[in-house]
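Here my numbering is used: the first residue of the sequence shown is 16, the next is one more, and so on.
Be aware that one or more of the hints could be misleading.
Stated by the list, open to error - Simulated restraints, written as ranges between beta carbons of each label pair:
| no. | residue 1 | residue 2 | range |
| --- | --- | --- | --- |
| 1 | R26 | A102 | 18 to 26 Å |
| 2 | G53 | G33 | 17 to 25 Å |
| 3 | E30 | T72 | 38 to 46 Å |
| 4 | L21 | P96 | 19 to 27 Å |
| 5 | R39 | E65 | 17 to 25 Å |
| 6 | A64 | R39 | 29 to 37 Å |
| 7 | L32 | A74 | 21 to 29 Å |
| 8 | Y67 | L32 | 36 to 44 Å |
Keep in mind the hints are simulated off the structure, nothing from the lab. Quantities reported herein were computed from a predicted structural model and do not represent experimental measurements. Where a beta carbon is used, it is the ideal one built from N, C-alpha and C, also for glycine.
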Amino acid sequence: MTIDQLIELARDAREDLGGDAQVRIAYQRGYPLRAALGYVTVPFSTDPAEQYGPDETAAGQENDGRFLWLATGDLPDRENPYAPGWAWLGSYFTTEEQR
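The task is simple: from the sequences and hints, build the whole structure.
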């Protein structure tokens, strides 16, 4: 997904949910869990040599500076830690019939 695609989906969701709706991340589909979106990070450089030290090498990391990084944070107290199965539908729907 690109930043532009994410922005467009967020705009559509804001119309239905309102701008104050919380963002959650569903992960681990086989045992679905949820987390709060805690951090949005734009890399300070697109040059891998500036991002990592000499001991921090891994295959594919040369592209890490070209990603917008979304990282999880803690859920509020007493929020259900499990994600709903429909979080993986991958579509935007606003009515029951659209499912």
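Against the structure, the hints come out as follows:
Checking the proposed 18 to 26 Å range against R26 and A102 shows it holds: the Cβ atoms sit about 19 Å from each other. Checked against the hint of 17 to 25 Å, the C-beta distance between G53 and G33 comes to roughly 21 Å, which is consistent with it. Remark: the range hint 38 to 46 Å for E30 to T72 is upheld by a beta-carbon distance near 44 Å. Checked against the hint of 19 to 27 Å, the pair L21 and P96 passes, with Cβ atoms roughly 24 Å apart.
Look at R39 against E65: about 33 Å separates their beta carbons, and that is not inside 17 to 25 Å. As the Cβ distance of A64 to R39 is approximately 35 Å, the hint placing it in 29 to 37 Å holds. At roughly 39 Å, the beta carbons of L32 and A74 sit outside the given window of 21 to 29 Å. Between Y67 and L32 the CB atoms are about 38 Å apart, so this pair conforms to the stated range of 36 to 44 Å.
Comparing the model with each earlier hint shows violations of hints 5 and 7; every other hint is respected.
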